[in-house]
Amino acid sequence: MTETTGIVQRLNVSPGWAAACVWIGPTPVNTELLFIQPQAGDSAASVAFQGNMVDALSAALVSRREVVAVHGDTSARVTSLRIDPA
Amino acid sequence: MATTIGLVQGIIWVDCVVTVAIGATPSTAVSFVMRFTAQDSDVRRAFKRAAINLIVRAQAAGYPVEITHAVAATDIIGVSIGGFDISPVGLAIHGDFYSVTGSGIPADAAVVFETPALVLTVTPDFVRPHWVLIKELPAEIPVGRNAVRLETPGGWQTQSVPIDVSAGPATVVRVLYSGAPKNRPYCIGLPANGGILTVGSQLIPDPLLTDRPGFHDVVAYCLRNLLAVAEDCLRQNDWDGEMRFVTVFDRTLPADDPNSLVEELAPNVMRTRRYHVAPFLAGYAVTVDVALVVHGSTTHTRPWTWAGIEDQAQVGTPYSYDGTVLQHLHYPQTPGSAALYVDMDRRGILPLHECLHGMADLNNGRIVDLYVDPTPGTFMINKKFRGQASDPVPALFANYNGTNEAADPARDGLTYPATWSSYHCTLLDATRPNVMDDFWRTFDGDPHRCRLDTLTYRWLTDHLRAKLTR
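The listed protein sequences derive, respectively, from chains D and A. For the first sequence, the residue numbers in our numbering are 22 to 107. For the second sequence, the residue numbers in our numbering are 536 to 1005.
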């Protein structure tokens, strides 16, 4: 797994596509684009969990808090999220 | 598809429909709706909730939102926030560090805090093209909602970002600059030390923990030293924009063994307890490649730095030195660490000098002091020895990756003492002492203009590149 750390520079939530895109990085022009998107067969609990991660990213963006997004080494799909102590 | 951008003027929840008013003012706002229906899947419902939550957050923070909707329709398809051209980093707290990042930031940029009643311009303590730092956020900035922007006297200006300023308390862990958005960006940590192991084997509290302003001042000085003096090895090609910088200041630390990161050496040297540094920082979820440990001892102020011990089990980038193949290893097993006195002489380049010691590798190439002759220990890249002190300095210093680097026959204007057998590589600026030499003896009294030698510069460039691209 890979951890991408940084400030949430931009967040897009699309109910129509049931996905969220998040740009994480130190500056607005130096970001990694990751996404959260439930997959077919995900349980209701998993879907709620992923929606909650989107909520956490929303909070982190407006408070300028750094996040650590965990995803596969060759995947941009966020599977877990961490907000470390400040 | 169309987009509408504006402030959130109002949100109404009625009969499973959320109506959002978007616009510059309440009177000009346009309404959009999000309908929760029985046909919604769990997934769609979750993301509708998340989208509304994002709008609520944006309203509270004063951020504009971008609503995606069909042309001539009001149903919300997507919501975006963010996308400013600057990025405030972390909470805005009086007396704490405050960073703002961006791109193409001019050297004369100032940070402007604006409320309806007041415009306050703060000159940052450190400026790079991608980052400005205020060492202590002034208490004159009103508590509560402000808009922050960068601007220059010449008219360059960024967008304004709403922030909420608080009176305190200052944070324990402060990310000054988060570094490349990737796994384990190269990280320089600046922790405040908790306790000191004395020469008498006692653990005593570090007085630094009662001097937070001093800590902030020396951190700003360290950053200017690393990234804004004549020696550009750490900032070439603006690659410091890929490095991570984090401080830790925990005034509650007891002076116990795990928190005591430095130890006294007679008569006046302070050395890091190198194996304590990484576990200490791990307690704050901080992982570093090099730690500049700040302490407040007034009796042991001379710094000592340990080179890093790189992880041989991890991947590396090979290099050759006089035909021997070695490695720029990518990850540290034990980070390099320096003990820096909080009130060190600000005219020098000690933070840079010590940091370069710490960035090197104990087993694959040390960068050592050039102002002393005997230097025992493992392989060093920047110093060699003649058979006899009376032997002439060879013309060739070393071959690095197939390219010969000349020796410095005169050691700049410092000259080699007659009893010395050591000699050095030729300098990038032959008019001043090497950064790793006795830089205080530079002829014009300005050590900030000293440079490295050609080989150390090339080696450090490759060493850092290997780590920055790991």
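Keep in mind the hints are simulated off the structure, nothing from the lab. Fair warning: this is a prediction, and the values are worked out from it, not measured in the lab. Check the hints yourself; a few may be wrong.
To be verified - Derived coverage of chain D by chain A (criterion: at least 3 residues anywhere in the stretch with Cβ under 8 Å from a Cβ of chain A; other residues may be distant):
#, segment
1, 29-35
2, 38-46
3, 57-68
4, 71-79
5, 83-89
Glycine included, C-beta positions come from ideal geometry on N, C-alpha and C.
Margin query: Please check whether the segment 71-79 of chain D has three or more residues whose CB lies within less than 8 Å of a CB on chain A.
Written below: holds (count 5)
Next item on the list: Count residues of the segment 57-68 of chain D with a Cβ under 8 Å from any Cβ of chain A, then say if the count reaches three.
Entry: holds (count 4)
Item checked: Claimed coverage, the segment 83-89 of chain D by chain A - three or more beta carbons nearer than 8 Å -> Coverage by chain A holds here, the residue count being 5 at a Cβ distance below 8 Å.
Item checked: Given coverage of the segment 38-46 of chain D by chain A, checked by CB-CB distance under 8 Å (3 or more) -> With 7 residues closer than 8 Å to chain A, the segment 38-46 of chain D meets the three-residue bar; holds.
Next item on the list: Confirm or reject the coverage of the segment 29-35 of chain D by chain A under the rule of 3 or more residues with a beta carbon closer than 8 Å to the chain's beta carbons.
Entry: holds (count 7)
Checked against the numbered hints above, the structure breaks none of them.
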